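Peer 1: One-letter residues, chain by chain:
There are 2 protein chains.
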Amino acid sequence: MRSLLRHISNWFRAYSPEEKKLLTAIRQITGKKPSNLQIYQLALIHCSVAREMRDGYRESNERLEYLGDAILGAVVAEYLFKKYPYKDEGFLTEIRSRIVSRDSLNALARKIGLDKLVIYDAKRSKSSPQSFKYIYGDAMEAFVGAVFLDKGFRFCRRFIVEKLLDHHFDMDEIVETDTNYKSRLIEWAQRNNRTVRFELLSERQQGAYKQFKVQVLVNNQEIARGSGYSKKQAEQDAARKACEYFAI
Amino acid sequence: MRSLLRHISNWFRAYSPEEKKLLTAIRQITGKKPSNLQIYQLALIHCSVAREMRDGYRESNERLEYLGDAILGAVVAEYLFKKYPYKDEGFLTEIRSRIVSRDSLNALARKIGLDKLVIYDAKRSKSSPQSFKYIYGDAMEAFVGAVFLDKGFRFCRRFIVEKLLDHHFDMDEIVETDTNYKSRLIEWAQRNNRTVRFELLSERQQGAYKQFKVQVLVNNQEIARGSGYSKKQAEQDAARKACEYFAI
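Residue numbers (our numbering), protein chains in the order written: chain A, 1169 to 1416; chain B, 1169 to 1416.
Among the hints, a few may not be true.
Identical copies look the same in the list; a pair holds intra-copy or inter-copy alike.
Cut-off 27 Å, straight-line C-alpha distance, at most; resulting in silico cross-link-like pairs (BS3-like, lysine-lysine) [as the list claims (entries may be wrong)]:
| no. | residue 1 | residue 2 |
| --- | --- | --- |
| 1 | Lys-1381 | Lys-1409 |
| 2 | Lys-1400 | Lys-1381 |
| 3 | Lys-1331 | Lys-1319 |
| 4 | Lys-1284 | Lys-1200 |
| 5 | Lys-1255 | Lys-1319 |
| 6 | Lys-1200 | Lys-1291 |
| 7 | Lys-1279 | Lys-1188 |
| 8 | Lys-1250 | Lys-1319 |
| 9 | Lys-1251 | Lys-1331 |
| 10 | Lys-1301 | Lys-1378 |
| 11 | Lys-1201 | Lys-1381 |
| 12 | Lys-1381 | Lys-1319 |
| 13 | Lys-1400 | Lys-1301 |
| 14 | Lys-1331 | Lys-1279 |
| 15 | Lys-1188 | Lys-1200 |
| 16 | Lys-1331 | Lys-1188 |
It should be emphasised that the hints constitute simulated quantities derived from the structure, not laboratory data.
None of these values were measured; they are calculated from a predicted model.
Next comes chain A alone, as it looks inside the complex (with noise of 0.2 Å):
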C-alpha cells in the first residue's frame, strides 16, 4: 500500500529540469526509471558538499558507499562462484578484489558516465587529495547501494551482472593478468635502497599436498608471513601483504 502511494505520488511529482535531467542519465545507466530520485542524488553527492544534518552527522554519499561496497561485493562473491565452479577461495577473492579495486571502480565510473554526475567542491581537493582521489569509484559504490535500496537485490544483481560486469569486463583478461607482487615489491624497494629478503619458514606434509610457510624481511625487519602449496606462491603471498602494508 505504501509502495503503491508512493508511486502514485512519484507519478504526479514535478520534476525541476535538472531533476528530470538526472532521471534520464539514471534510466540509461540502469536501465529502469528510478522510483526513488532522492537515493541516487544522495549517492553523488561527494563529502566535499556534505549537508550538515542532527547529532553533527553530515549527510554524504558515504553510508551509501558502505551499503554498495557490500552488496557489489555480494554480488561479484556469487557471479565468480557459479562462473568459476572448480577454482578455489583464494583464486575467488583474488579475482573479486581485481574487479573491486578503487581502481578498477573508478575507471568503471567514468565508463558509465557517472564522473559527470557527482557532485562535489574542487576547492577543497587540494585540503585533502585523499578523499578526492578515488571520487568516482566511490560514487560508484553508493550508485550500487541506491540502486539496491531503490529496487531491491534482484533488480540491483542483475543491473551489476548485465550492465556492468558483462559491459566493462574481460574475465580472461583479468584471470590472466598475473599480478607479481614480489616483483612489485623487489622494484620499490631498489627504488627506496631498501633490501627484500624472503625466508622459508616451514615445509609439512598435508594429505597428498605441501604446504609452505615463508616470511619476507625488509631491512631485515620481518614484514609479513605467507603460505601456499608451493615456494613461489607462499612469497607471492608474503609478498602481497609486504606490499598491503607499504600501500606500494
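With chain A's structure known, arrange chain B on it following the hints.
Peer 2: Coordinates of chain B only, in the frame set by chain A:
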C-alpha cells in the same frame, strides 16, 4: 521447470537415516526444509576431510565460506544501515566487524548447534591448528552460503536477520563495548618489551571540522597511520591498524 522437476525428484528421493537427521537439524536452524541437501552437506565439510576432485581441486566448505562471508557481510551492512540512520560509515563498519568477527561467528555456530554437525578429521588438528581454530565460525559462513544458494537472497536475509541477529546479538551491548585499541596495543607492548609512541602528523581545518592525522611507532619504527576528527579518534584508528598488523 527445472526447479519443479527438482522438487518432484526430491519428493521421491529416499533419504538415509543420517540424511533425515541432518534434514531435521537444518530445518530447526533455518525454519525451512532444505530443497538441496547436498549444498548443506558440503557446507559442513571441513578442509581436513576434503574430497579430491578434478584438477587437484579439493572439495570442502571453503568456497561456500567465501560466498557466505560476502552474503552475510551484505545483509549485516543493510541491517545496520537501516537500524542506525544517523550513524556514519565508520561506526557501521566497526559494528559490522564486531558482529562478523571470527570469534563472534565461532560462538554463534555453537549457539545454533552447528558445531555438532561439522565433519572434520580431529587427528589433523595438531598438524595445522590454525585451520581448526575457527572451524565452527567458518562453517557458519559456509552454512549462510548454502542457505543463499538453496533458498535465494530474500529467505537468506530473513534467516540472518530473524534467526541469527535478532535472536543471538544484543546490539546495544555490542555498540557499547568500547574496543580500546590504544590500551590493547600498549598492554601488548609492555608484555613484549616494546615501546609505543604516538606522533601527531597534521591538524587541518576541514569546513566545520578539524581533521587529525597521527602515526604510531613501535620500537621507533612507524607501523601505521590513523586519522579522525579528534586526536584521540586518530590515535584509536592508528592503534587499530597496528593491532591488526601485529595480530594482537
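Peer 1: Tell me, which hint numbers fail for this structure?
Peer 2: Going through the list in order, the structure violates hints 6, 11, 12 and respects the others.
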